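Participant: Letter by letter, the chains look like this.
Number of protein chains: 2
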Amino acid sequence: MTSEGWTWPPEYRGDEVPDPAEPYWSRARETMAPDDRQELVLERLKLVVRYAFDHAPFYRRKWGEAGFEPGDLTSFEAFERIPVVTKEELRTAQAEHPPFGDYLCVPQSEVVRVHGTSGTTGRPTAFGIGRDDWRAIATAHARTMWAMGVRPTDTVFVGSVFSLYMGSWAALLGAERLGAAAFPFGAGVAGQTLRAVNWMAQMRPTVFYGTPSYALRLAEVAREAGVDPRDFGIEILFFSGEPGASIPAIRSQIEKAYGGRVCDSGSMAEMTPWAHLSESTASDGMLCWQDIVYTEVTDTTTHRTLPFGATGTPVYTHLERTSQPMIRLLSGDVTRWEAGPSACGRTYPVLPEGIFGRIDDQFTVRGENILPSEIDRVVSGLDHYGGEHRIVVSRADTMDKLAVQLEYGETLAGDDAAIESFRRGAAEALQVVLGVSTIVVPVAPHTFERTEFKARRVIDERELFQASMRQA
Amino acid sequence: MTSEGWTWPPEYRGDEVPDPAEPYWSRARETMAPDDRQELVLERLKLVVRYAFDHAPFYRRKWGEAGFEPGDLTSFEAFERIPVVTKEELRTAQAEHPPFGDYLCVPQSEVVRVHGTSGTTGRPTAFGIGRDDWRAIATAHARTMWAMGVRPTDTVFVGSVFSLYMGSWAALLGAERLGAAAFPFGAGVAGQTLRAVNWMAQMRPTVFYGTPSYALRLAEVAREAGVDPRDFGIEILFFSGEPGASIPAIRSQIEKAYGGRVCDSGSMAEMTPWAHLSESTASDGMLCWQDIVYTEVTDTTTHRTLPFGATGTPVYTHLERTSQPMIRLLSGDVTRWEAGPSACGRTYPVLPEGIFGRIDDQFTVRGENILPSEIDRVVSGLDHYGGEHRIVVSRADTMDKLAVQLEYGETLAGDDAAIESFRRGAAEALQVVLGVSTIVVPVAPHTFERTEFKARRVIDERELFQASMRQA
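Each protein sequence line maps, in turn, to chains C and U. Number 1128 marks the last residue of the first sequence (the working numbering); no jumps. Number 1128 marks the last residue of the second sequence (the working numbering); no jumps.
By construction, these hints were calculated from the structure, which means they are not laboratory data. As the structure is a computational prediction, the values presented were derived from the model and not from experiment. Beta carbons: idealized from backbone N, C-alpha and C, even for Gly. Possibly wrong hints are sitting among the right ones.
Claimed, not checked - Coverage of chain U stretches by chain C, computed from C-beta distances (three or more under 8 Å per stretch; other residues unrestricted): (1) 826-839; (2) 966-980; (3) 1050-1062; (4) 1099-1105.
What the hints assert, rightly or not - Quick list of the computed label-pair ranges, beta carbon to beta carbon: (5) C:752 / U:676: 29 to 37 Å; (6) U:765 / C:963: 45 to 53 Å; (7) C:699 / U:669: 31 to 39 Å; (8) U:765 / C:667: 26 to 34 Å; (9) U:765 / C:1081: 50 to 58 Å.
Generate the whole structure from the sequences, applying the supplied hints.
Facilitator: Right, dumping it as structure tokens:
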């Protein structure tokens, strides 16, 4: 794996592109035996950790407090003991060492691009990206887009905003690097969606990048304008920024609307190239491109790596970033990983259901950790699901009760036997996935208000109960 | 001038940057004797015209109808006889030969970027830009930004929307090519201006690109948020997309608000690299970078080149574009040109007042062609100008009458003698510039509604008069 550009520091100067018939951008790196890759990754981790220690007061301070130094890194077990980095620590480091924090490992004059978090909560975090990193990001995205089936003959329409958000830029960079035509249309300006419809009808791009919710919105606007989005001729739609593209119901809605294939991708803006998690043409889940960013799915409390099959929170380490390398950045997301290989022949671990929640959304019922997104996923996959639901957690005596109010589809209306069968099927499916029994209450279609993409569906009555106890 | 990358087809593969102390990116090309340059430009025109003829059915058809063929091009006089291209012709060519029209001179597979006009009127025009052209555009913008004083140590904040509009992309490209840090923030999304203020305060970019109206808006939002825009530390603000940056009153308003130096730039999106018209540190008008795009200021009817000193409409010819080269594209803008050299030592022709109007806005009073922008320019430069005015054209007997209702400043209120002196000064200044006598009617400040940047200030009562005559 030292071939194909896998050097430290990364060097991606050429502009070669594989033969279009070749399924892999970097065959050796993508298809090697997992154990061989792990061996190389460990060697790379030693270099990256040493580099971060040498260049970043941030890491020297943090690791010093934890009693870790680079020489201790002799195994993955040792690596797992390195304390995770939180987003809050990055914000603090930037406030104290503006503008890029004392984890910027290149001279500030080497920074060629500035981006940042949207800063909806607290001080935003600035990303300072060096010239070599910019090339490495381009190459990484070209590689992962190649695995999605994007080729130089394609035209890639980028339908998401070009600003702080790295997603649009990385999709553009990847398209440029692999030699496709890029149509960076953007999004977010008043009236722009209808213009997007007109341009897509006129230019017929073959690839679309954006967020799942925007793709659905765009399809709706197209239909309102009398245009069938299938007529755009889009073959591949790839996404990041939201979990939707890995949720079967949303995925199939998009695929039906456009007649193209959906690929999910993405981790965190701090981890750009974020497409180090991304699907291939095999459509069997997001792959963890371990030679770009080393991903561990970890225990949410100890942050030790979990075995394949387990559900936990990803922790990420850059293997190809020199400007602001992240060593064990805690995502706070939730996913389940499998060993791989993918049906496409890549030997990376796989996230069959993508990223499906945030640790913070988790609640506990009778000792079981439950993610609202697990329930969303189960019910949205049911036949005759009416499109909305609510999750109600309450307490009877000392016992937690989990109930789901579930809209049934129009076709069941008035047919009590069918509704009862729907209820029973839902309860069984939820029991299997959640491990706790669930009371399913079927309700008529359109009972619940339709909300924006990030709907709040959980009502925890235990909090009300406890509050009333305290007041009494 | 064959050195420094001036070849046909253009080849800009390197990433060298001059020494920061060097005032010129391409010293020979920028400072050579004008006659020598003209000689080289004529040779280049022959190559470009031959190339367009060989590759574009569009030009063969158009020139065939006009009885012109490339062999006829033996002098600038012959060149001036080539019929101009109108935007309407481009639209028609694209409708008939989608998506890029039959003036696309490279195979469609060579197109790496798609952009387009905003299409506010009629079918939008798509720009298909080839890989080599993309590099040439980057280099051209790096050169012109270098002349503005931008250096690799700068951080360039791009505060305009990234979508179809080429302006933002070309500014970004130029920044990248010259090795500055680029902060492509964008604009146009709800709430983004306040976020721009916060980011500028946090990151302190040294260079700003956007539209003049947006820069003023941004300064206003900053002040409302309790931030003095001078504290951003911006040294250079460069603009395109609107004529404002060459209008002295607006220019000085921006310079005062930010404490930085203003540079105007820009021609037309079709002519990208549009910064082939752009100011240098000398601040003596936009230079016509004749080795990038050959500019002729022409008679608005015959489209023959006018002598230096004259006012007319620019006609542009690409000297470094292979994908969709424009040969004598009619701008419809109005400008006045001078021979140069600029005080910066560049030997290009100069547009001392920038682009100051559109042919279509022109109206005639007693046989004189008058541009509303000429009046705007005169009155906005008057001491005690109140900030708004209206232009009223009417007819008394058979005689056209031109009147300007002019707000005086707050400080004059109640002082009749001062108002009369203001009136007399305004009338004299207008007479000098317009060549026709003008009735000036002073009105109190805030008489007129404040409108968006592209205010309609002309009221032509002759049309009402004539309409009423026909009805009688």
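Participant: Hints first: check each against the structure and report whether it holds.
Facilitator: Verification of the supplied hints:
With 6 residues having a Cβ less than 8 Å from any Cβ of chain C, the region 826-839 of chain U passes the three-residue criterion, so the hint holds. Requiring three or more residues with a Cβ within less than 8 Å of a Cβ of chain C, the coverage given for the region 966-980 of chain U is violated, as only 0 such residues are present. Coverage of the region 1050-1062 of chain U by chain C is violated [criterion: at least 3 residues with CB-CB distance below 8 Å; count 0]. Beta-carbon proximity to chain C at under 8 Å applies to 0 residues in the region 1099-1105 of chain U; the threshold of 3 is not reached and the given coverage is violated.
Between residue 752 (chain C) and residue 676 (chain U) the beta carbons are some 31 Å apart, a value that agrees with the proposed interval 29 to 37 Å. Checked against the hint of 45 to 53 Å, the pair residue 765 (chain U) and residue 963 (chain C) passes, with Cβ atoms roughly 47 Å apart. Our hint of 31 to 39 Å for residue 699 (chain C) and residue 669 (chain U) holds, since their Cβ atoms are close to 35 Å apart. Remark: the range hint 26 to 34 Å for residue 765 (chain U) to residue 667 (chain C) is upheld by a beta-carbon distance near 28 Å.
Between residue 765 (chain U) and residue 1081 (chain C) the Cβ separation comes to about 52 Å, which falls inside the hinted range of 50 to 58 Å.
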